[in-house]
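Asker: FYI, the numbering for the sequence shown is -25 to -1, 1 to 135, going by mature numbering (1 follows the signal peptide of the UniProt record, and there is no 0).
It should be emphasised that the hints constitute simulated quantities derived from the structure, not laboratory data.
Don't take each hint at face value.
Here are the in silico distance ranges between beta carbons for each label pair [as the list claims (entries may be wrong)]:
{"no.": "1", "residue 1": "A121", "residue 2": "T94", "range": "17 to 27 Å"}
{"no.": "2", "residue 1": "K23", "residue 2": "S51", "range": "25 to 35 Å"}
{"no.": "3", "residue 1": "Y65", "residue 2": "N29", "range": "30 to 40 Å"}
{"no.": "4", "residue 1": "L79", "residue 2": "L35", "range": "26 to 36 Å"}
{"no.": "5", "residue 1": "S31", "residue 2": "F80", "range": "12 to 22 Å"}
{"no.": "6", "residue 1": "Q113", "residue 2": "T69", "range": "18 to 28 Å"}
{"no.": "7", "residue 1": "Q113", "residue 2": "W82", "range": "28 to 38 Å"}
{"no.": "8", "residue 1": "E115", "residue 2": "Y65", "range": "27 to 37 Å"}
{"no.": "9", "residue 1": "Q113", "residue 2": "L81", "range": "13 to 23 Å"}
{"no.": "10", "residue 1": "S6", "residue 2": "F80", "range": "15 to 25 Å"}
{"no.": "11", "residue 1": "Q108", "residue 2": "G70", "range": "15 to 25 Å"}
In the DSBU-like style, the derived pairs of lysine-lysine whose C-alpha atoms are separated by at most 35 Å in a straight line are [claimed, not checked]:
{"no.": "12", "residue 1": "K47", "residue 2": "K26"}
{"no.": "13", "residue 1": "K12", "residue 2": "K47"}
{"no.": "14", "residue 1": "K86", "residue 2": "K47"}
{"no.": "15", "residue 1": "K23", "residue 2": "K86"}
{"no.": "16", "residue 1": "K86", "residue 2": "K26"}
{"no.": "17", "residue 1": "K50", "residue 2": "K91"}
{"no.": "18", "residue 1": "K26", "residue 2": "K50"}
{"no.": "19", "residue 1": "K26", "residue 2": "K91"}
{"no.": "20", "residue 1": "K12", "residue 2": "K107"}
{"no.": "21", "residue 1": "K12", "residue 2": "K26"}
{"no.": "22", "residue 1": "K50", "residue 2": "K12"}
{"no.": "23", "residue 1": "K91", "residue 2": "K47"}
{"no.": "24", "residue 1": "K26", "residue 2": "K107"}
{"no.": "25", "residue 1": "K86", "residue 2": "K50"}
{"no.": "26", "residue 1": "K47", "residue 2": "K107"}
{"no.": "27", "residue 1": "K107", "residue 2": "K91"}
{"no.": "28", "residue 1": "K47", "residue 2": "K23"}
{"no.": "29", "residue 1": "K107", "residue 2": "K50"}
{"no.": "30", "residue 1": "K86", "residue 2": "K107"}
{"no.": "31", "residue 1": "K86", "residue 2": "K12"}
{"no.": "32", "residue 1": "K23", "residue 2": "K12"}
{"no.": "33", "residue 1": "K91", "residue 2": "K23"}
{"no.": "34", "residue 1": "K23", "residue 2": "K107"}
{"no.": "35", "residue 1": "K12", "residue 2": "K91"}
{"no.": "36", "residue 1": "K50", "residue 2": "K23"}
Glycine included, each C-beta is placed from N, C-alpha and C at the ideal position.
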Amino acid sequence: MAFLQNSHSLYLFLLFSLLIPLSHSSSSSSSIHDLLKSMGLPPGLLPKDVKSFNLSGSGLLQVFLDGPCLTKFDKSMAFYDSEVRANLTYGRLTGVEGLSQEELFLWLPVKDIIVKDPTSGLIVIDIGVAHKQVSLSQFEDPPDCAVEGVMKEKAFAAER
């Protein structure tokens, strides 16, 4: 009888654990970059200074920074909110929120980031009005992200 009670408890525990979404939290920014690499994405898509992140069982990725910041990739600037969210699947970040890119003096929200074929050396960045193909090599290393003057720079760019 005790075996049946223990089996029943184990069954309920396993069933309950399957219903709870998986979550991963980390205070190590290198872990998020390792996660990106393991999912077929370059680690430099996110800045060095990631405070923590969560990945749910459904693939929702939430990345937390100390605050909004700016960084530069090749010739364009990128703006990260203090929280960046996206759906993470292999080679894709879709439904991105909290990331904008400067194009022709306009700040446009990044919608999707996709590596269709890693052998091509290209990454596709969907900024709503266009799909940009950019060299993967630009995102090999996580960039530094400047916090000071972020809003001033973004406001200045909006005025141009």
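Asker: List, from low to high, the hint numbers that the structure doesn't satisfy.
Answerer: 1, 2, 3, 5, 7, 8 and 10
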